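Residue numbers (our numbering), protein chains in the order written: chain Z, 1 to 290; chain C, 1 to 290; chain V, 1 to 580; chain E, 1 to 580.
Wrong hints could be hidden among the right ones.
[To be verified] Lysine-lysine pairs mimicking DSSO-like chemistry, simulated, CA-CA at most 30 Å apart:
no.	chain 1	residue 1	chain 2	residue 2
1	V	K521	E	K531
2	Z	K127	E	K129
3	Z	K127	E	K242
4	Z	K286	V	K162
5	E	K521	V	K531
6	V	K530	E	K554
7	V	K426	Z	K271
8	V	K242	Z	K277
[Said to hold, decoys possible] Non-contacting residues of chain E with respect to chain Z, defined by C-beta distances greater than 10 Å in every case (computed):
no.	residue
9	K68
10	D102
11	G145
12	D147
13	V386
14	L460
15	A465
16	A501
If you're looking for bench data, these hints aren't it; they were derived computationally from the structure.
None of these values were measured; they are calculated from a predicted model.
Every residue gets a Cβ at the ideal spot worked out from N, C-alpha and C, and that includes glycine.
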Amino acid sequence: MVTVKDYFSPVRPTWCTGCGNFAIWNALKKALAESGLAPHQVMLISGIGCGSKLPDYTTANGYLSLHGRTLAVATGARLANHRLKVICTHGDGDGYGEGGNHFISAVRRNIGLVDIVQNNRVYGLTKGQYSPTSPHGFVTKTSPQGAIEHPFNPLTIALAANGTFISRGWSGDVEHLTWLIKEALHHRGYALIDVLQPCVTFNRVYSYDWLRPRVYKVQDDPNYDPGDKAAAFAKTQEWGERIPIGILYRTEDVPAYEEQVPALATGPLVKQPLRVKTMAEYERLKQEYL
Amino acid sequence: MVTVKDYFSPVRPTWCTGCGNFAIWNALKKALAESGLAPHQVMLISGIGCGSKLPDYTTANGYLSLHGRTLAVATGARLANHRLKVICTHGDGDGYGEGGNHFISAVRRNIGLVDIVQNNRVYGLTKGQYSPTSPHGFVTKTSPQGAIEHPFNPLTIALAANGTFISRGWSGDVEHLTWLIKEALHHRGYALIDVLQPCVTFNRVYSYDWLRPRVYKVQDDPNYDPGDKAAAFAKTQEWGERIPIGILYRTEDVPAYEEQVPALATGPLVKQPLRVKTMAEYERLKQEYL
Amino acid sequence: MSINDMSFKFAGEAGQGVESTGRGFAKALVRGGLYVFALQDYHSRIRGGHNFYQIRVANHDIYSHDEKVHVLLAFTQEAIAEHLREIVPGGGIIYDPELQVDQDALVSRSVKAFPVPVNQIAIEEGGNKVMSNTAATGAAAGLTGLDLEVINSVIRDNFAQKGTAVVESNLKVAAAAYRFVREKYGDSFAFRLQTRKTAPRMLISGNEALALGALMAGCKFVAGYPMTPGSPILEWFATHSKDYGVVTKHAEDEIAAINMVIGAAQMGVRAMTPTSGGGFSLMVEALGLAGMTEVPIVVVNIQRPGPATGHATRHEQGDLLFMLYAAQGEFPRIVLAPGTIEQCFEAAYRAFNLAEKYQCPAIILSDAFLAHSPRALELDALSLDVPIDRGEILSDEELDQLTTRYQRHALTPSGISPRALPGHPKAIYSTSSDEHDEYGQICEDAAIRIQQMDKRMRKLETARAEMRAPLQYGPSQARLTFLTWGSAYGPLRSAVDILNAQGTSANIVQIMDIWPLPVDKVVQALQGAKKLISVEQNYSGQLATLVRAYTGIKVDGLINKYDGRPMSPEYILARLKEVV
Amino acid sequence: MSINDMSFKFAGEAGQGVESTGRGFAKALVRGGLYVFALQDYHSRIRGGHNFYQIRVANHDIYSHDEKVHVLLAFTQEAIAEHLREIVPGGGIIYDPELQVDQDALVSRSVKAFPVPVNQIAIEEGGNKVMSNTAATGAAAGLTGLDLEVINSVIRDNFAQKGTAVVESNLKVAAAAYRFVREKYGDSFAFRLQTRKTAPRMLISGNEALALGALMAGCKFVAGYPMTPGSPILEWFATHSKDYGVVTKHAEDEIAAINMVIGAAQMGVRAMTPTSGGGFSLMVEALGLAGMTEVPIVVVNIQRPGPATGHATRHEQGDLLFMLYAAQGEFPRIVLAPGTIEQCFEAAYRAFNLAEKYQCPAIILSDAFLAHSPRALELDALSLDVPIDRGEILSDEELDQLTTRYQRHALTPSGISPRALPGHPKAIYSTSSDEHDEYGQICEDAAIRIQQMDKRMRKLETARAEMRAPLQYGPSQARLTFLTWGSAYGPLRSAVDILNAQGTSANIVQIMDIWPLPVDKVVQALQGAKKLISVEQNYSGQLATLVRAYTGIKVDGLINKYDGRPMSPEYILARLKEVV
Ligand SMILES: Cc1ncc(C[n+]2csc(CCOP(=O)(O)OP(=O)(O)O)c2C)c(N)n1
Ligand SMILES: Cc1ncc(C[n+]2csc(CCOP(=O)(O)OP(=O)(O)O)c2C)c(N)n1
Ligand code: SF4
Ligand code: SF4
Ligand SMILES: [Mg+2]
Ligand SMILES: [Mg+2]
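All chains, full assembly: derive it from the sequences and hints.
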């Protein structure tokens with residue numbers, strides 16, 4: 001039986017005390033264990049940022065790539081070995097800033113990844129510049145007069161890009177987040193979990209105290225239909241006094257990218273021999289040029 | 001008085017006979033002339049692709065940048081000289097593929113650009129690979145079994161990114177497109193004009209004949225309110241038997257990015273002297289280090 | 001009368017089928033037992049402009065075109081204006097009489113006019129003007145006395161997909177044009193072709209050979225973003241993807257492409273991304289990622305003229321030094337620069353071995369000339385002799401035996417750390433683009449930094465020992481030694497043959513294994529040179545710079561070219577007069 | 001007893017204010033008329049870990065830290081364990097008695113313990129434990145006999161924003177700690193500080209000087225994406241943006257940043273993007289765009305250790321050759337590599353002139369050590385002597401006179417084509433990243449390609465003539481000549497001073513104007529060298545490679561370092577023994 005302990009690592013996180021990443025880390029390990037996935041069946045892929053250090057603190061296959069390139073690396077990894085659960089953990093700067101193009105592409109592609117975005121709405125590791133999800137007017141080192149742009153709403157964008165699993169969690173509720181990750185692990189295709197992650201050092205606005213009273217669970221409303229796109233659109237736009245968390249949109253009707261690639265029909269690419277009938281193939285190919 | 005002739009150039013387009021780019025080119029010149037803008041008041045910025053060659057065929061300030069970087073270059077240009085009308089013309093591969101991150105950012109930023117995307121739903125200049133807007137199942141040189149991804153819907157994405165002017169034109173109706181460009185030229189902030197542009201060589205699906213009977217003008221319906229986001233969301237999702245063109249969403253309530261930059265309050269950056277009071281400024285700055 | 005020694009030039013607008021017709025004709029020649037080398041020239045536009053396809057034919061293997069044309073197949077008037085001066089005296093032009101041709105100009109150059117109503121023949125015999133190209137090839141066969149059957153066999157294969165009716169019409173058209181020419185011009189033409197009996201041979205370009213080499217090496221994942229002249233490789237794999245079990249991904253951009261390749265390679269799959277210089281520029285950061293995390297990837301840069309967009313469809317070798325130093329920091333990489341079709345295959349085939357042995361990125365640096373120019377090759381020319389070597393990968397059985405925590409970046413004398421592919425319960429590890437310790441954990445310790453740097457850089461020395469000596473061509477003692485790389489080798493080889501035939505002894509040192517530079521082997525190859533001249537398709541003589549930087553040997557002269565058009569033997573010989 | 005010649009080390013965890021406290025103390029020392037050089041060392045994490053800030057103090061200008069510490073201000077126990085061995089005999093440690101300190105270890109090294117209850121003082125006198133750092137500085141002043149007033153003046157300035165109450169509390173805390181130490185330890189400490197009367201001097205780091213230089217050069221547009229250690233420049237401009245009329249843009253990524261800069265520069269604005277190696281890697285393609293379209297831009301690469309993410313907060317000079325060859329194809333570029341704070345200013349100030357004169361990208365290659373290390377400078381050390389030169393820009397009046405179509409890329413002997421800024425009715429033009437003709441129109445003609453390539457490359461030769469000779473330091477005839485670049489100059493200078501003092505004559509040739517390499521000037525500077533040793537903070541000796549490639553001169557030895565920590569004079573002298 002897999003337990004959370006299997007995911008323990010001798011390396012201690014370097015996150016600040018109180019950082020919202022601890023909750024995400026715990027929820028992830030719990031969700032994995034409760035889903036019966038052992039560390040060697042899991043590949044954690046991240047980028048660069050505070051949140052992206054998560055795989056370094058976890059016993060599981062892991063790969064800390066470049067800032068912003070998480071989803072591209074993960075896509076290649078997934079296509080190479082879709083027997084492993086490929087899970088991304090990266091910041092909002094990584095995922096929606098530097099990695100914006102990969103984000104939209106991963107969504108449209110419906111590639112089988114669980115994408116946990118540690119959305120603290122700021123650049124943590126580089127010490128507090130505004131991020132794509134920082135609110136208009138947010139004052140930081142690179143926006144001393146307040147950010148001019150309006151924030152990037154990952155959930156609405158994912159919906160617009162035909163996302164198939166669009167959800168939000170938050171660091172203040174590990175149980176709920178654990179549930180969310182488990183749901184995502186069962187999803188067919190790309191599952192976005194945007195996590196409201198308080199950064200206690202560089203973002204004093206979106207604190208636990210600010211978020212806690214606002215957050216509510218969409219799944220608490222039995223009438224909420226996560227299959228209704230127009231309703232989901234409205235829900236993803238909700239922000240302020242009330243902030244919805246949970247699965248805002250979901251469909252299992254769209255096949256994952258890797259289900260549609262002919263070369264993967266016979267199993268994971270990495271398990272296939274380099275060449276089955278080398279000489280026969282070679283001769284056949286050369287015929288094309290005669 | 002400015003006339004279309006002012007925009008004529010000795011260089012002849014290299015586009016294929018029947019290419020939808022001719023109509024876009026004509027509409028643009030007409031719209032500029034009818035808006036009373038002279039060629040020296042206009043800066044055309046493009047990337048690389050068939051459509052991106054437009055500035056090379058036009059007498060106006062022009063800059064053909066790199067594939068995918070159109071909007072980034074244009075943003076810098078606009079911030080450096082917002083007295084010039086900065087107009088982008090580039091393909092769907094350029095704008096939504098390689099340039100996807102810049103697209104979302106330009107939309108959120110509401111930077112004062114008119115962005116004409118020559119959306120032929122294919123890569124023309126590189127001879128026919130599928131593009132981000134190619135439909136699922138589209139067979140090309142890079143998708144012999146049909147494209148797996150679901151297409152990128154630029155209008156929905158722009159709406160999701162808080163776009164302020166979201167429109168669609170088409171090469172089959174130069175008058176309407178001219179009107180659209182003129183409207184965009186008056187917009188405060190970023191104006192997207194996604195143009196259905198038949199590529200007669202590499203995209204036999206989205207031909208004039210396929211498009212003509214489907215296209216209808218949203219502005220023909222007096223009840224259509226381009227200020228209603230939910231309605232616009234639905235409208236942007238419409239595709240198939242009926243394809244809406246015109247201004248699907250518009251608001252003039254959001255200031256353009258350049259209106260909010262303190263350094264631009266006194267006029268275009270390029271017109272400001274390098275340093276006003278060199279020595280005084282220098283001494284003041286050095287004080288910071290004493 | 002000359003037999004089996006001539007050049008054809010098919011010339012016309014983009015959209016007129018210049019390339020496909022030329023290639024079809026070249027294929028027919030190969031099937032007829034002849035050797036051919038074909039050169040393509042086209043503009044970065046889809047229709048119009050002026051393109052050509054030039055085919056040199058011989059009885060023996062040839063590595064280059066030259067500047068003499070014997071038969072011009074002109075599809076436009078411009079084609080004649082453009083190429084008339086290239087036609088040798090006694091050569092001729094095949095064209096439709098609908099074109100206005102200045103006969104005096106032809107006469108003054110002793111060029112013969114061969115008007116053939118190809119359009120009319122196409123319409124009358126085939127029912128469609130598009131077959132005029134088929135008529136032209138039939139005419140060319142008739143004029144040179146080539147057996148029509150070799151043309152017919154290519155028609156049958158090329159149009160098979162379009163159905164028997166189309167095949168039949170084309171055969172009729174070709175035959176009619178052939179007859180027309182035989183009847184009208186008989187055996188009057190001095191340049192003739194005779195088919196020969198040979199074993200079947202391939203007509204294959206550098207890009208095709210490269211793709212084939214990669215596939216045979218077991219490449220199972222190709223991601224890329226279209227960019228001329230790299231895209232044909234991506235498209236080749238897309239076409240072969242299903243049948244040969246290769247995942248091929250046209251990605252959102254080049255950055256995604258290389259990072260996908262890294263993700264796939266990290267999982268244990270042989271993976272590659274093809275591009276050109278501009279796309280490579282976008283891949284630079286990820287190159288360092290592969291270097292740091294020791295992931296074996298293959299990156300293919302098919303060079304074209306820069307800077308920036310430059311000349312999209314043309315030729316240059318301007319990226320050599322860029323390949324060596326691209327990306328921040330220092331890490332081992334392999335750079336192979338093929339100079340012939342065979343070497344394209346070999347480079348691709350070897351690159352995966354080298355990448356996996358040294359667990360680092362391997363770059364194949366080819367170029368547009370090589371990419372686009374097919375040559376006739378014997379079926380056994382592309383050798384699979386080198387066994388596939390995946391380097392130190394721990395098997396499941398070996399991993400089962402592990403008793404201590406797996407060290408992905410273990411310190412070893414060779415610098416190579418045995419790899420475990422992710423997924424085994426005994427070898428769970430995480431690694432990072434940050435500097436890390438032997439386990440792959442992020443680590444800022446100074447001593448460990450040094451260990452890991454030393455370990456990685458040691459691989460470069462290990463690899464250097466197996467990098468191959470430069471290829472040498474020509475007499476070992478010579479008055480002139482040419483240093484070269486990449487496709488410049490082809491025209492240079494022809495030029496050197498001419499020099500030696502004329503009594504000026506000359507030889508070639510061609511470096512294919514560029515990095516890590518096998519310094520000793522290069523010094524050995526160059527040290528006897530009496531006069532050393534670098535021949536490169538770039539402005540600054542990049543190989544000469546490289547060789548000087550690492551061996552201290554300075555060339556005596558540089559023959560360069562940077563107008564987007566490949567060198568020819570004639571060009572080299574003319575420039576040689578200036579530099580010596 | 002030693003006066004005004006010692007080093008302080010503030011050491012503790014990230015989040016404890018090590019850097020701000022250290023910098024405040026250094027500033028106080030400068031206000032006290034002393035010279036200081038400060039070194040920062042921190043981890044890529046926000047809290048925890050082990051950081052330090054080391055301040056060397058002297059009566060004369062100093063260019064480097066060294067390995068001797070006289071006073072350690074330990075904020076954690078780890079700090080003592082980590083740094084005890086660096087403390088000179090007779091030196092001491094200031095720490096809060098709450099820390100457990102192994103007194104025997106101190107005694108065995110003749111290091112004195114100076115427990116000061118900084119936490120208690122902070123709470124009792126200031127009401128808040130955060131002021132313990134202020135207490136520590138007060139204590140350091142007390143121990144060394146430094147006039148408390150210089151500390152107070154910094155406290156007043158640094159806390160002014162937080163209100164008088166905070167200022168007052170800090171002053172009280174500092175005074176109390178000062179008193180405590182004076183009372184308890186008196187004048188027992190052998191290393192002492194005496195303030196001196198001097199004109200006001202600045203304490204300024206390389207990044208600050210670089211930003212200041214760029215601003216004074218008239219840089220009006222800065223776009224970037226945060227990346228250590230380049231981000232402080234972006235942030236500096238963001239802070240000064242409003243007051244000095246600079247548009248500062250934190251872009252979506254580095255690719256956007258450089259392309260925005262190109263867009264702005266193309267319009268006529270002086271524009272710059274700061275980054276580090278990883279960000280630079282992403283900018284490579286656009287560098288070629290600026291090269292091809294002849295747009296003057298300034299790109300700043302503050303190097304850190306690679307490959308890939310490497311050591312984000314540490315130091316290396318591993319990107320030199322990358323800067324020279326980055327991007328496909330060949331085009332002129334300028335590369336300046338400052339080695340001192342003054343040169344950081346100068347490089348930024350000159351880069352804009354050079355970029356605009358030669359209408360090409362100019363790269364400033366600085367590094368983390370330079371970026372992070374402030375030094376005391378005279379107010380007139382950063383000279384504005386070079387006049388601003390925008391190169392050949394046509395004025396509105398000149399443009400009014402134009403009678404023929406404007407040629408953006410006109411052929412000229414210098415290769416420089418007079419620029420018209422977009423917007424004038426007489427000079428409407430469009431240009432392209434494709435190869436183009438003189439007007440900027442896309443053009444595939446071979447002759448025009450050659451003309452435009454030659455024209456662009458001519459600029460490189462024009463520029464080469466004005467590139468400055470290497471800076472030479474030390475006696476002109478010497479037994480040892482050190483070749484160096486970048487911040488290695490600082491520690492090397494100290495080492496050379498020591499060598500000369502010890503009777504081994506030694507001098508330095510520092511190359512700041514890297515590209516186009518002023519070959520003749522470099523040869524002249526190096527040709528007399530008896531023994532030439534390259535000193536570089538990288539693995540392979542990149543400057544040595546560069547010099548060999550273009551001058552043929554080979555160094556006799558390499559002193560390198562690649563552990564992320566800057567060199568020290570001691571390190572250089574120790575390594576020197578190995579290489580000679
Ligand atoms: C190409 C590149 N650009 C910039 C950086 C510097 N960088 C490191 S982390 C980071 C941002 C971190 O923000 P986010 O992704 O939101 O993660 P967080 O630290 O907030 O968890 C940046 C810009 C980098 N490592 N690589
Ligand atoms: C960095 C880079 N990658 C790829 C290319 C090659 N390329 C040129 S145009 C083009 C795509 C053209 O498609 P699109 O933008 O839709 O324009 P269209 O030709 O269809 O008008 C590509 C991939 C390039 N020039 N630069
Ligand atoms: S800076 Fe913010 S995000 Fe980073 S570890 Fe600290 S609290 Fe967490
Ligand atoms: S290929 Fe398509 S887009 Fe390009 S010019 Fe031809 S028709 Fe137009
Ligand atoms: Mg963040
Ligand atoms: Mg297109």
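So which of those numbered hints doesn't the model satisfy?
Failing hints: none at all.
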